[in-house]
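Protein chains: 2
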Amino acid sequence: MNIVIKNVTALLPNGQDSHTVYIKGQDIAGIDKEPEGFKAELTIEGEGKLLIPGLINAHTHSYMSVMRNCADDLPFMDWLLKRIDPIEGRLTNEDAYWSSLLGQLEMIRSGITTFNDQQMHIHQTTRAVAESGMRAVICRGLVGNEYDKSDRRLLEALEEMEDVKLTDRLNFRLGPHAPYSCGPDYLKMCADVARDKGIGIHIHLSESVSEVEQIKEKYGCSPIEYAAKAGVFDVSTIAAHCVQVDEKDIELLSEAGVSVVTCPASNMKLGNGFAPIPELVEKKVNVCLGTDGAASNNAQNMFREMGLLALIHKGTHKTPTCIGAKEVFDMATINGAKALGLSDIIGSIEIGKKADLVLLDLNSPSLMPNNNLLSALCYSANGSEVETVIIDGEVVMENREIKTIDEEKVYHEINDMLDRLGVISKLC
Amino acid sequence: MNIVIKNVTALLPNGQDSHTVYIKGQDIAGIDKEPEGFKAELTIEGEGKLLIPGLINAHTHSYMSVMRNCADDLPFMDWLLKRIDPIEGRLTNEDAYWSSLLGQLEMIRSGITTFNDQQMHIHQTTRAVAESGMRAVICRGLVGNEYDKSDRRLLEALEEMEDVKLTDRLNFRLGPHAPYSCGPDYLKMCADVARDKGIGIHIHLSESVSEVEQIKEKYGCSPIEYAAKAGVFDVSTIAAHCVQVDEKDIELLSEAGVSVVTCPASNMKLGNGFAPIPELVEKKVNVCLGTDGAASNNAQNMFREMGLLALIHKGTHKTPTCIGAKEVFDMATINGAKALGLSDIIGSIEIGKKADLVLLDLNSPSLMPNNNLLSALCYSANGSEVETVIIDGEVVMENREIKTIDEEKVYHEINDMLDRLGVISKLC
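Here the protein sequences come in this chain order: D and L.
Residues 1 to 428 (our numbering) make up the first sequence, in order.
Residues 1 to 428 (our numbering) make up the second sequence, in order.
For the record, the hints were derived by calculation from the structure and aren't laboratory data.
Only a predicted model underlies this, so the values are computations on that prediction, with no experimental measurement involved.
Built from N, CA and C at the ideal position, the CB exists for glycine as well.
One or more hints might be untrue.
What the hints assert, rightly or not - Computed beta-carbon distance windows for the label pairs:
(1) D:Lys216 - L:Lys326: 47 to 55 Å
(2) D:Thr43 - L:Val143: 52 to 60 Å
(3) L:Pro86 - D:Glu398: 38 to 46 Å
(4) D:Asn399 - L:Lys248: 34 to 42 Å
(5) D:Pro13 - L:Arg400: 33 to 41 Å
(6) D:Lys216 - L:Lys82: 45 to 53 Å
(7) L:Ile351 - D:Glu156: 37 to 45 Å
(8) L:Asn2 - D:Glu398: 16 to 24 Å
(9) D:Asn14 - L:Gly198: 25 to 33 Å
(10) L:Thr319 - D:Ser254: 47 to 55 Å
(11) D:Lys318 - L:Val143: 23 to 31 Å
(12) L:Lys326 - D:Lys39: 54 to 62 Å
(13) D:Ser254 - L:Glu146: 16 to 24 Å
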């Protein structure tokens, strides 16, 4: 769609200032200079608005959104075995579709335009993405032990890549789940297939102390070394969590060019602690930000995650200077784009990139005074300031009204599946 | 005002269920049973809404709201001396009034109905409270060294108590600032005056390592012991922060019945670390929750603070069970009421208490599915779900429209004072 956003306070890579932004089709086609032959189909008055690049949620499981607030304040094994696993066991493909739509609703409402999804029900996130208008990287979760290219889950993952015909906002990666659920041969097979197909890998690594202990006991090395040995890092890899990593692990991640997705809420909520983010940044690891799934966060809201990221390391390191608002915002945008191999097309407001853009209302108490807005995004905004969201040049939310998804229908379907899934309610 | 809220999902002290709530004048007059002779002036359809007690922000400095996002990611002394102090020096009474209104706007919008304010410009918070409709406890910040009952600041604090005539939503405490800014004689004088006047004390205690070191060096004891020796704990005391406390301090706080206000965002942002909340709770200290001022948080939003409180100690203690959603919600409501000596009138939805009530939209992605809503309030809500706020039986926000304050005028005044105050903008 051809859109002009006039006189908007925009966060460009070089700072915050008033600009006019032209969108032609899917692309940002001009900043302050009207592209030749441009004809606007939609004019947005940007006065009193803030324009930012769409946020990139670099690790989630959108199909788990129905599991929000059903397994909190529990020891990890009770969380998993008594609450999450039984629900997973009952979740149909149709449930996964509605649940992913719920997650996408929350993401759009809070300014996320791209998400990296590890999922278990093929065709369901992609089907929901085709409807919602979001950009996504789809990774079918894989678990196994053998070097077996006829593995059912792998074949499903490859089959799903056909979904790219649904919309060109889709990208794919393989999603071997974790060192403790993927044996060395299986992991090697995943790396080989990913290399053959020219796609990357999205894996959970070094999330908990027990994972590190288990892998060390079984294989005599850390989960990071284990993944490296299996050849995972020979292809583009996004590693979620990396909470329990030592200096040697960090060196390895840095040398191999692995991108780390930190998920602060999830890591705290499950009692795993704090990832060594300042140390990873120091060693030039590309760190990006993710919400993780709703069962372990529980929000799909990157403003909440940016706030946590900006604060917790100041607490653990006892210094207010160890991570700043600019670094945090980069982790939520351009670093995520780099991790996903999409920094040519998303992650910042630049001519030639896709128009994945978010407009916020500057007349919000959390953005007042309108002074240092980058700080405001990390320290006081909560996501509700987001008014309008444009993805791939299409308006998916306008003045807080979702244009693509039937919101009421999603809520109805979600509440309807509670009894069937055995989601416990009224716990308080 | 006489209001009936019909068929609303309400969080009562014994759990979450559907109820009809009757408000007569300022009070909650009936739950599910219409009071005799009741005539509703306003009927609110509660279907699809969640009713909670108004949140209690037990420590803030509302006049500092204009200093939001002007001093972030800086070492403490740069934060204080280069940014905050120069602005404080230029801040007029009129500025403090508008700034407090900005803070109150943000508080109302995110469901806070009562705040405990330590301030420096007498009559300004009270003037703003009379306008906004909020309930507040007003504490004039006091600093000094002598036992001097003619101290200017103290006389101002006592003079301000006359403001109670403005509205009976006002309560007062003395606000001796901190051990490092109040000498032992001055602190003793504050305690004596508070006892004489039958009011309590609101003080900052053991916020930073440097405070503890300084007091130990000067007086040979911890800041907690220092305050106890000065007689502060002989009156009802609310102690903000208590980050750097040891076992002996915790025993002392517990024995003396001191209420501790934890301010997680502020303590992390300034590099002070994490208060030992599970340990304080273990020793039966009444812990409540506060945002602190906007210069050191930066939000005046208790949902953000509840989320932090529910997560960070799970991170530091490496267990998901060390603090739960119910405890966190109590800290944000009834424990705050206890700390302020107001638990007879606020802090929970009970017949006979004041009608300080908040309605949230259950059709919000962060509250979906509508299962365990207490968890949702702590783990996924962000405050934007708040639609309607009733304080002292008056509707101060209805369907997100503030009824008491001219919001646009506040924003205009706030942005207008930036240049004059020397608030640095466009830092990014």
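To see whether the hints hold, each was checked on the structure:
For the pair D:Lys216 and L:Lys326, the supplied restraint of 47 to 55 Å is violated, since their beta-carbon distance comes to about 37 Å. Between D:Thr43 and L:Val143 the CB atoms are about 55 Å apart, so this pair conforms to the stated range of 52 to 60 Å. Take L:Pro86 and D:Glu398: their Cβ atoms lie about 42 Å apart, and the range 38 to 46 Å holds. In this structure, D:Asn399 and L:Lys248 break the distance hint of 34 to 42 Å, their C-beta atoms being roughly 57 Å apart.
Our hint of 33 to 41 Å for D:Pro13 and L:Arg400 holds, since their Cβ atoms are close to 34 Å apart. The beta-carbon spacing between D:Lys216 and L:Lys82, approximately 48 Å, falls within the hinted interval of 45 to 53 Å. The supplied range of 37 to 45 Å is broken by L:Ile351 and D:Glu156, whose beta-carbon atoms lie about 58 Å from each other. Distance hint check: the CB atoms of L:Asn2 and D:Glu398 are about 39 Å apart, inconsistent with the given range 16 to 24 Å.
Here the CB-CB span from D:Asn14 to L:Gly198 is close to 59 Å, at odds with the stated 25 to 33 Å. Look at L:Thr319 against D:Ser254: about 31 Å separates their beta carbons, and that is not inside 47 to 55 Å. Restraint check, D:Lys318 to L:Val143: a C-beta distance of roughly 26 Å satisfies the suggested window 23 to 31 Å. At about 58 Å, the beta-carbon gap between L:Lys326 and D:Lys39 stays in the expected band of 54 to 62 Å.
A beta carbon spacing of about 59 Å between D:Ser254 and L:Glu146 contradicts the range 16 to 24 Å that was offered as a hint.
Consistency with the previously given hints fails for numbers 1, 4, 7, 8, 9, 10 and 13, ordered from lowest to highest.
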